[in-house]
Structures are given as structure tokens and as C-alpha cells.
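K.L.:
Sequence:
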Amino acid sequence: MIRKSVYRRFILYFIMFGMCIITLFLFLISQSEKPILENSIRDAVAFQQKHIFSVLQKFSFSATHVVDTLVNSREINNYLSDPEKAELVPVNRLIKNIIGIDPSFYRAELLDRNNEVLLSVYRQDPRLQVQDDITRKGVSLQFIPKLSSKVSHQIWFSEIIASQHLFSDSAFFHLLYASYPLYTNHQYAGSVVVYFNIDNLLNFLTSDDRLDIYITDQKGKILFSSDQMDSVTQGETQFFQSTFEVSDIRSEQQLKQKGFSFMPLGALYNGQGLLLFCRASSSFLQEKSDWYNAVVVEIFVIVIIFSFCFGIIIAIGPSRTVEKLKTVSKEKNKYMRLLDQYVPVFETDRHGVITRCNQAFCLLSQFSESELIGKPSTILNFNQADSSIAHIKSILDAGLPWQGEVHYISKRGKEFWLFSTVIPIYGNHRELMGYMSISTDKTDKKQLEVMLEIDSLTEIYNRSKLNKCLSHEFERTKRYGTVCSVIMIDIDFFKQVNDNFGHFMGDKVLYQLAILLNQSTRMIDEVGRWGGEEFMIVCPETTLEDALILAEKIRATIASHDFSDVGRLTVSLGVAEMEPEKTLQSILEQADYYLYEAKNKGRNCVMSRMGYFQIADKNTI
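Here the sequence shown is numbered in UniProt numbering, starting from 1 and rising by one per residue.
Just so you know, these hints were derived from the structure itself, not from any lab. A few of these clues could be false.
Claimed, not checked - What follows is a list of derived Cβ distance ranges for each label pair:
no.: 1; residue 1: Ser394; residue 2: Lys495; range: 17 to 27 angstroms
no.: 2; residue 1: Phe306; residue 2: Phe173; range: 55 to 65 angstroms
no.: 3; residue 1: Thr355; residue 2: Ile409; range: 48 to 58 angstroms
no.: 4; residue 1: Gln519; residue 2: Pro376; range: 54 to 64 angstroms
Unchecked claim - Using 20 angstroms as the maximum straight-line C-alpha spacing, the simulated SDA-like pairs for lysine to any residue come out as follows:
no.: 5; residue 1: Lys288; residue 2: Ala44
no.: 6; residue 1: Lys221; residue 2: Gln254
no.: 7; residue 1: Lys442; residue 2: Ser410
no.: 8; residue 1: Lys375; residue 2: Thr327
no.: 9; residue 1: Lys414; residue 2: Thr378
no.: 10; residue 1: Lys465; residue 2: Asn518
no.: 11; residue 1: Lys393; residue 2: Lys414
Remember, it's a predicted structure, so these values are computed and weren't measured experimentally. Think of the CB as a built atom: it goes at the ideal place given N, C-alpha and C, for glycine as much as any other residue.
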């Protein structure tokens, strides 16, 4: 059942994923379609513009070469040097040969100084014909500029016109002619005129399936177009402005709105100011649109088929894995519940403020989760020395985990012990985020240890525990250079108490003295019974001078205390300071030595290597 559900789910997911891909693809296509199309059109226009410029340059060069050939020919120069004696036959033969070279060379004429036609050779397929009967005297005058001896030697190109404007009996085609003045003895003697049928040239320039191309003069009159407008091909006048509703044919903004770009055709210097207009043809746009639709359909079909098939294939492994994961997940959740209930865990930020804690830790601390979050983790510490906290912090700051026993006190004052492993928590960029403490409850074991370390009579540490405390502090002194002092205490004339009041009363005195010692010392001081009526206080982070002050305070407190049924008692105290270069045994012997020095001085006093100690100002105690 689970497997079928996984199959259906994976197939559905992959189809949805495929739809997302299609949607994203369509969005990207829609965003890029216009720029891609514009780039295609721009490339096509740029290519066509370069192509047209190159072709016109070649045409201009070819036309110039033909005219130069005639102008510089020996036949024409011989005729002009002596028109009365020379004949036109050689000139006629020369012109016929040149006109026969290219079908676009329609006609060539030789004019005299009055611009009257002396000789005209024109093409009337399939043969060239010499016009013997000159009937066009003065006809060319209106098209050729007035020439004189001051005119420079240069070829002049005419505007593009309809052939019927010059030759009424000819078929309609577009005509352009080139004229070159002839001089004899620096005097104007006539000119050579060559007429070109440029329909093929214009067709070649405007033949591009991707573009609609229009060639106009500088006023916008359409001379030729790629779509072969009927009105233009029949010689009727059509203007670009009225045809495409453009008021200014040189306004890029107006042309862009209509999809056009334009370029001056400067390669043909005929004074007509020819302009080239191009835009994407409807067939090209339709082709791109069809391509886009076909691509979308193909991708849609491919993605759906792929998603369906791939979903089935991919679902085989996960369906089995899901079954296993569900089983594992149940086991995991069971163990996580057990961990949450029985393994105390809490997390802090970098500054030790609690950010999370589990159920087991809340049960031990007797605080609710809301009461602990936002509080410093030291809120639960019991009698934790500052040096110990600093030592733990130095290890964690080095990026290392710390392990050890921690003594806590609950909300209701109940002590409990945890063996904790504290590890740093890092973020994605290896920055320190905080710490996690994972613990095991050692309270029962610790209570058993405490019972073994507590003196049953006085309920303070016994000698075994004091030895552990001494060893620990001595090791710290040697390793970290910390200071620590030891105070040994003995009750004066305690044997008389036992003899006069009995051992029960003596035990009562020992118990009361233990209470006084606990009340007179600090939280970090370790108080214990060394043996019989002897007591010891281990004072961490305490110099000899400070220990002497504490010892005198204890002596004065006991001396002023009224023990029930016994009265006043005194104690003698010996004080020694731990020194790393000495042994622990020698330090204890030193403290014991000064204790008996105090007894020898008359008891009820404090002795050390500094001698007899007494505070001059009693208010200091």
C-alpha cells in the first residue's frame, strides 16, 4: 500500500516538476524571444546594408570604368579633334562592343557641345541597334547639367527615373545614366552618356526573404521595393510617409514604431539622396512564431513523457527506502522520547545564556523550560569556583569539548550531579553560535560517594575526602600557579570534656563545632574532620595572609561561643600555604607543626611560618 502511494506521489511530483520547468522555460522564452528576434532582424538588416553598400560601390566603379573607357578611347578623341574629317563608324563600333558586354548597359550616346545627339547605340534584344536617324536632338538637355569649360573633369550620375520619361517607346524599367564631359583644347566639346537598366540591380539589392526593403529618394518617394508594389512598378508616385503614416522619414523614433531602420545609400553619388528602409517581413515573423510554437509543443511533450517515465523509475528505490525509513523513524522517535525523558540536554549561546533545554533537564532542575530559557547557565551551579569556570571556558574557547562532573542545585534547593559533555556549536560559516551540554545523571552515585566521604558524627567531610581535596588543589597549584592554604584546628583540653561530661557530650561538642566552622567559612572552602578532635579547612585561592585572617576569625568565633552544658571552649590553629616546589606531605607536616606551636604558646591562638598571629584591630575579623 505504501509502495503504490509512493509511486503515485513520485509520478505526480515529477509531472508537477515538469510543469514548473515548462512554465519557467516559457517565461524565459517569452523574455528572450523579443531580444532574440530583434537581434536576428538587426543582423539581417546590418548584413543587407553592408551588402547593398558593397554592390552599389561595385556598380559605381563598373559604370565609371565604362564611361572612362569611352571618354579615353582613341576613336572618340580622333573624332572630337577633327569632327569634319573623322567618321562616326569607329565610334559606333566601339560603343556597340561596350554595350554588348553587359545586358544592363541599355544605351550609350555621344553628344556635341550643344548637347545634341551625334550617335546613339541602344539595346533592343536580341540585338544591338544603331540609331541612324537622329530624332532626339536636345532631348537629353533637360537631364544633363549645363556644362562649360569651367566644369571639372568628373562623371555625373543622374537620378533614378522611369525609362519612359526619356524613351517613350521603350518598355517600363528603372533607368540611371552617367555622363562625362569631353574637352578639346580646354574647350567643352560634348559629352558621353551611358544609360543603365538597373531593374536587375534593384531586384538584387532588395531580394531578402527576411526583410521588407524600400529604396526612396531624399523626399521619401519610393523608387523600388522588395514587395514589388504595383503602383511603383507601373511608374506611379508613392511616398514612404503616406504609405506607412510616418511624418518624418529620418525620425528614428517614428521608424522604430513601424519596425523600420534606415541608412543613406552614399555609395551612389547621384545627388538624389537615396535612402534604404528595412524591416522584418511578415513571412519571417511568421516563421519565427511557428518555430517558437513548435519548440514549446515539443518541449511540453518531451517533459511530460520524461517526467512520467522517470517518476516510475525513480520511485522504485525510494518506495523501498520509505518503508524502511518509516520503520526506522518509529524506532528513532521512540529513542528520542527516551532520550528527552532520561538524558539531560541544554544549549546556550556564546555568552552562556540558556536557549533550549529538554524535558529530562527540566525534571532534574525542577525549573520549567520557560523559566530556564534566557537565564545564565550558572544559575544552577552549586559552589562552583570562579577558577573552575574560567578553566572550562578556556577549553571551550579553544574549540575543544569539555567533560567533567558538575554540581547543580535545583529550584527547590535539592543538590544533583551531572557528568556533562559540553561541545561548541558552529554555524554554516564556522562561526561560534553557542554550546550544547549532554549529560548523564550521577546524583545517586554521587550521593553514595558523599556518604562515603562524610563524617557520620559531624556531617562534614571525612579524612578520605579531605585527602582528595588536598591532592586536587595541590595539582592545580603546580599546574596553574594558583594559591591555596591549609588550616589545621585542634580543640584545647578536649579530653577534659570527655572525662567531665562524658563521650556523648563530647560528640555533641564536635557536632556544634562543625556547624560553627561551616558558618565561618566561604562556599569554596572545604571543611572536614581530620581525626578525633582535629579539623581541617582547605582554602582554595587563598594566600597565607588571608588564611591567617580567616583562622583568627574562626578562633574568635569559637572562643566566644557558649557550648550547651559545657560552657566556653577554645581551639589552637596552625596555618600553612601550598608551595609547588614542596610535597603535599611536607605541607601537611608544616601545618601540623604550627598547630602544636600554637598549643605550646598557651593555646587559643593561631601560628604559621610568620609566627604568632593576632589581629590588632578586632573589627577586621
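K.L.:
Take the hints in turn and mark each one as holding or not.
P.N.:
Hints versus structure:
1. Evaluation of the 17 to 27 angstroms hint for Ser394 and Lys495 yields a failure: the beta carbon distance comes to about 50 angstroms.
2. Checked against the hint of 55 to 65 angstroms, the pair Phe306 and Phe173 passes, with Cβ atoms roughly 59 angstroms apart.
3. Evaluation of the 48 to 58 angstroms hint for Thr355 and Ile409 yields a failure: the beta carbon distance comes to about 21 angstroms.
4. Separated by about 28 angstroms at the C-beta atoms, Gln519 and Pro376 break the suggested range of 54 to 64 angstroms.
5. Only pairs whose Cα atoms come within 20 angstroms are accepted, and Lys288 paired with Ala44 is accepted, the gap being roughly 14 angstroms.
6. Distance hint between Lys221 and Gln254 is fulfilled; the C-alpha atoms sit about 17 angstroms from each other, no more than 20 angstroms.
7. Using a Cα cut-off of 20 angstroms, the hinted pair Lys442 and Ser410 holds, with the two alpha carbons roughly 14 angstroms apart.
8. Between Lys375 and Thr327, the direct Cα distance comes to roughly 39 angstroms. Violation of the 20 angstroms bound is thereby established for this hinted pair.
9. A hinted pair counts as satisfied when its Cα atoms are at most 20 angstroms apart, and Lys414 with Thr378 qualifies at roughly 16 angstroms.
10. Simply put, Lys465 and Asn518 have alpha-carbon atoms about 16 angstroms apart, close enough for the 20 angstroms limit, and the pair holds.
11. The straight-line distance between the Cα atoms of Lys393 and Lys414 is roughly 26 angstroms, outside the 20 angstroms bound, and the hint therefore fails.
Going through the hint list in order, the structure does not satisfy hints 1, 3, 4, 8, 11.
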